[in-house]
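Colleague: One line per chain: the protein sequences are A and B, in this order.
Residue numbering for the first sequence follows our numbering, starting at 1 and increasing by one per position.
Residue numbering for the second sequence follows our numbering, starting at 438 and increasing by one per position.
Simulated from the structure, these hints should not be mistaken for lab results.
Do not take every clue at face value.
Capping the alpha-carbon separation at 20 Å, the derived lysine to aspartate or glutamate pairs in EDC-like fashion look like this [unchecked claim]: (1) Lys136/A x Glu30/A; (2) Lys547/B x Glu393/A; (3) Lys157/A x Glu127/A; (4) Lys667/B x Glu460/B; (5) Lys132/A x Glu30/A; (6) Lys545/B x Asp427/A; (7) Lys368/A x Glu307/A; (8) Lys351/A x Glu318/A; (9) Lys119/A x Asp106/A; (10) Lys394/A x Glu526/B; (11) Lys394/A x Glu489/B; (12) Lys4/A x Glu37/A; (13) Lys515/B x Glu393/A; (14) Lys220/A x Glu275/A; (15) Lys394/A x Glu506/B; (16) Lys423/A x Asp551/B; (17) Lys6/A x Glu17/A; (18) Lys357/A x Asp311/A; (19) Lys667/B x Asp679/B; (20) Lys95/A x Glu68/A; (21) Lys394/A x Asp551/B; (22) Lys394/A x Glu488/B; (23) Lys545/B x Glu393/A; (24) Lys394/A x Glu511/B.
One side only, chain B facing chain A, incomplete, derived with CB under 8 Å [claimed, not checked]: (25) Glu510; (26) Leu519; (27) Phe521; (28) Pro528.
A few chain A residues that don't get close to chain B, going by computed Cβ distances all over 12 Å [claimed, not checked]: (29) Glu5; (30) Glu17; (31) Asn26; (32) Glu68; (33) Asp75; (34) Asp85; (35) Thr86; (36) Thr104; (37) Asn128; (38) Ile329; (39) Asn338; (40) Asp365.
Every value quoted in this text rests on a predicted model; they were computed, and no experiment measured them.
Yeah, the Cβ is synthetic: ideal placement off N, Cα and C, and Gly gets one too.
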Amino acid sequence: MELKEKLIASFLAFENEVDTDTFIHNVRNEAIKIFEEKGFPTKKEEAWKYTSLNSVLKDDYSVFPNQENTIEYNDVKKYFIHDIDTFKVVFIDGKYSSHLSQTTHDGLDVCLMSSALTKPKYRLIVENYFNKAATKDSLTSLNTAFSSEGVYIHIPKNKLVQKPIQVIYFSTGNESATMLQPRNLVVVDENSHVQIIERHQSLTDNPVLTNSVTEIFTNKRAIVDYYKIQNDNLNATLIDNTFVKQKQESVASVHTFSFGGKLVRNNLNFYQTGERIESTLKGITIIGDKQHVDHNTLVHHIEPNCESHQDYKGIFGENSTGVFNGKIIVNKEAQKTNAFQANNNILISDKATINTKPQLEIFADDVKCSHGCTIGQLDESAMFYMRSRGIPEKEAKALLMYAFSNNVLNSVKIPEIKQRITKIIADKLGVNLGFDL
Amino acid sequence: MLKINNLHASIEDKGILRGVNLEVKAGEVHAIMGPNGSGKSTLAAVIAGKEEYEVTEGSILFDNEDINELAAEERAHKGVFLSFQYPVEIPGVSVTNFMKTAINETRKAKGLEDMPAKDMLKLIREKSELLEIDRKFLSRSLNEGFSGGEKKRNEIFQMAMLEPKLAILDETDSGLDIDALRIVANGVNKLKSKDNAVIVITHYQRLLEYIVPDFVHVLYNGRIVKSGGKELAHELEEKGYDWIKEEVNA
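Work out the full structure, taking the sequences as your base and the hints as a guide.
Modeller: Here it is as structure tokens:
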């Protein structure tokens, strides 16, 4: 059976198993209809022109891994940012792992979507926010239809959350192929500040397809820093659909570090629904092999006096392919918008490809919008300069790549994440430079 | 130390060097002068191992070893240093981190451990004082936004840090005001010893007032067409290069 049919056939059984609150029930039913109608996106759609899911969809995925699997902390410690104190919400094959997690209800809620969707005390928040930022495209709808588990984070107003929150999805590969659909909701109320780190990690070479949806709401003057670390193995596919809805004077940033996986598609959408909002979207992509990473961003400027900054760096080796499609919409009312977008790429192999496409739709007349994309090779004269100082070719290349990514790394506010990313880059390039840039 | 025999080199099939012979012994300072386009910078780049140039004939011996097949970094590890005419800007890599990497990679190639951080700091302090370099300068991105003079001073600072056996200074005087020229020359002179050698490549005699050469060679059309003592530099300054060209073409 094709994956689409399998999913649709499974829907009723799924709905019977989870608690059926009417509100959520209706949302799910509507969503499965959309997915049924639209199906998986194909290259015929403009937004998927350069990314084909064909090779991913052919596997026979188990769509509801039901088994409770456990893993030892020591075996997976390396995937955590473990040198600082954090809240942790960890899932194994889609199921919550209490022994790897550290949740809280002490002044803020860091807990499970399954609780939020079923317990009365979360009802108000869920009705106000759940599925209110997510779009009705087919993959997001598919996730919505099956949404049952994920992380739920609610930060009440005037709260500076001291510890970052780590959200990690492990897949054990106990099934021959697994499909996961985590659903996350983050609501940050007035004047509050939170930092979140998200990671998807498969622990074997068995195929994993993750179709994740995260909705983030930043209320007035709230600050959210969100970091996505994507360094999965070569049979793991991630479709990340993230929606950030901002209210006035809020500041939200999402950093996406894409170093691995078979295919990664990041659909990152920002909606500015208030004045004096700042949005930051940054990313570093370093891939090789036959890997494919696609960044599809949208910043929608709806109100006046807002800013957005996009800065994506990509380094593509071997047969890898990259896509950057950055859309900025400035509504007629959104005067004095300041929107900046940059996408710089280096191809270090003749067989690597990058497709980069800025898309600006500007309906206001008093705005500053700039965009630029570059595709180049490593600077040969810089290589010779460094080598003439005794720095071998491999290290010289690595140094240039670090330097190239440095702008993005510099805006990471948690030093341990910066160190971790630096280390992942060094490991990937097979060098030990002995210092942090 | 350096022995170049009948060196021919070309880039994209265009011959630039057409039979250069040059011997440099430890303790010596050689100046290579010549009109624009005579092959001076090519000679420097070929000795340092720039891959774009192809050696089609002849040999380069360094400490009696043919280094023609060695990569640029391997030559650097053996003690060859090139001060660039146009130092390359590398945004995102600080001067300090660049030097740390260069020194430790050189040590690694020699089978030595990384230099302890304390020693590294001491060395950096000592050498930056020698070149009158402000400490703040060292945390800036390499050559990015540096003035011409700062770039050249930074080249000699790197030379001081790496302590090469053979330093080739390619047009180090260009873009320098008189104060910077004095600082740079003073740095080079302090680093000179009976065990190392310097090749100064220059268009003008100005730098040679400060770094006094034992030998002066004139490179023209890819060959050394005249050699002499330091007085040859004065003669060239006075008379220009036309008489050399006439002598060669006659």
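Colleague: Against each hint, give a clear statement of whether it holds in the structure.
Modeller: Tested hints:
With a CA separation close to 10 Å, the supplied pair Lys136/A and Glu30/A stays within the 20 Å bound. Restraint check for Lys547/B and Glu393/A: the C-alpha separation of about 17 Å stays at or below 20 Å, so the hint holds. In summary, the hint linking Lys157/A to Glu127/A is supported, as the alpha carbons are separated by about 19 Å, within the 20 Å threshold. Taking the CA atoms of Lys667/B and Glu460/B, the gap is near 16 Å; set against the 20 Å cutoff, the hint holds.
A hinted pair counts as satisfied when its Cα atoms are at most 20 Å apart, and Lys132/A with Glu30/A qualifies at roughly 14 Å. Between Lys545/B and Asp427/A the alpha-carbon distance is near 19 Å, which keeps this suggested pair within the 20 Å criterion. With a C-alpha separation of about 9 Å, the suggested pairing of Lys368/A with Glu307/A holds against the 20 Å cut-off. Our distance criterion of 20 Å between C-alpha atoms is met by Lys351/A and Glu318/A, whose separation comes to about 6 Å.
For the hint pairing Lys119/A with Asp106/A, the CA-to-CA distance comes to about 17 Å; that is within 20 Å, so the pair holds. With a C-alpha separation of about 19 Å, the suggested pairing of Lys394/A with Glu526/B holds against the 20 Å cut-off. Pair hint Lys394/A plus Glu489/B holds up; C-alpha atoms about 18 Å apart against a cutoff of 20 Å. Between the alpha carbons of Lys4/A and Glu37/A the distance comes to roughly 11 Å, so the proposed pair stays at or under 20 Å and holds.
Annotation: proposed proximity of Lys515/B to Glu393/A holds, straight-line Cα distance about 16 Å (limit 20 Å). For the hint pairing Lys220/A with Glu275/A, the CA-to-CA distance comes to about 10 Å; that is within 20 Å, so the pair holds. Pair hint Lys394/A plus Glu506/B holds up; C-alpha atoms about 18 Å apart against a cutoff of 20 Å. The straight-line distance between the Cα atoms of Lys423/A and Asp551/B is roughly 19 Å, inside the 20 Å bound, and the hint therefore holds.
For a cut-off of 20 Å, the pair hint linking Lys6/A to Glu17/A stands: about 17 Å separates their Cα positions. For the suggested pair Lys357/A and Asp311/A, the alpha carbons sit about 13 Å apart, so the restraint of at most 20 Å is met. A C-alpha spacing of about 19 Å is found between Lys667/B and Asp679/B, which places the hinted pair at or below 20 Å, so the restraint holds. With a CA separation close to 7 Å, the supplied pair Lys95/A and Glu68/A stays within the 20 Å bound.
Among the hinted pairs, Lys394/A with Asp551/B is consistent with the structure: their alpha-carbon atoms are about 18 Å apart, no more than 20 Å. Restraint check for Lys394/A and Glu488/B: satisfied, since their Cα atoms lie roughly 15 Å apart, inside the 20 Å limit. About 14 Å separates the Cα atoms of Lys545/B and Glu393/A, which keeps this hinted pair within 20 Å; it holds. Between Lys394/A and Glu511/B, the direct Cα distance comes to roughly 13 Å. Compliance with the 20 Å bound is thereby established for this hinted pair.
Evaluation of the Glu510/B hint against chain A yields a held restraint, the C-beta minimum of about 5 Å falling below 8 Å. Of the supplied interface hints, the one on Leu519/B holds, with its beta-carbon coming within about 5 Å of a beta-carbon of chain A, less than 8 Å. A distance limit of 8 Å between C-beta atoms decides the matter here; for Phe521/B the minimum to chain A is near 6 Å, and the interface restraint holds. A hinted interface residue such as Pro528/B counts as satisfied when its beta carbon comes closer than 8 Å to some beta carbon of chain A; here the least separation is about 6 Å, so the hint holds.
Every CB of chain B lies more than 12 Å from the CB of Glu5/A, the least distance being 50 Å, so the non-interface label holds. Every C-beta of chain B lies more than 12 Å from that of Glu17/A, the closest at about 52 Å, which supports listing it as non-interface. Residue placement check: Asn26/A keeps its beta carbon more than 12 Å from all beta carbons of chain B (closest about 52 Å). No Cβ of chain B approaches the Cβ of Glu68/A within 12 Å, the least distance being about 46 Å, so the stated non-interface status holds.
Listed as outside the interface, Asp75/A is consistent with that label: its C-beta sits roughly 32 Å from the nearest C-beta of chain B, beyond the 12 Å cut-off. The beta carbon of Asp85/A sits about 28 Å from the closest Cβ of chain B, which is more than 12 Å, so the claim that it is off the interface holds. The beta carbon of Thr86/A sits about 29 Å from the closest Cβ of chain B, which is more than 12 Å, so the claim that it is off the interface holds. The claim that Thr104/A lies off the interface holds: its Cβ sits roughly 38 Å from the closest Cβ of chain B, which is beyond the 12 Å cut-off.
Distance check on Asn128/A: its Cβ is at least 44 Å (rounded) from any Cβ of chain B, clearing the 12 Å threshold; non-interface status holds. The claim that Ile329/A lies off the interface holds: its Cβ sits roughly 32 Å from the closest Cβ of chain B, which is beyond the 12 Å cut-off. Distance check for Asn338/A against chain B: the nearest CB is about 24 Å away, which clears 12 Å, and the non-interface claim stands. Annotated as non-interface, Asp365/A keeps its C-beta farther than 12 Å from every C-beta of chain B; the closest such distance is 35 Å.
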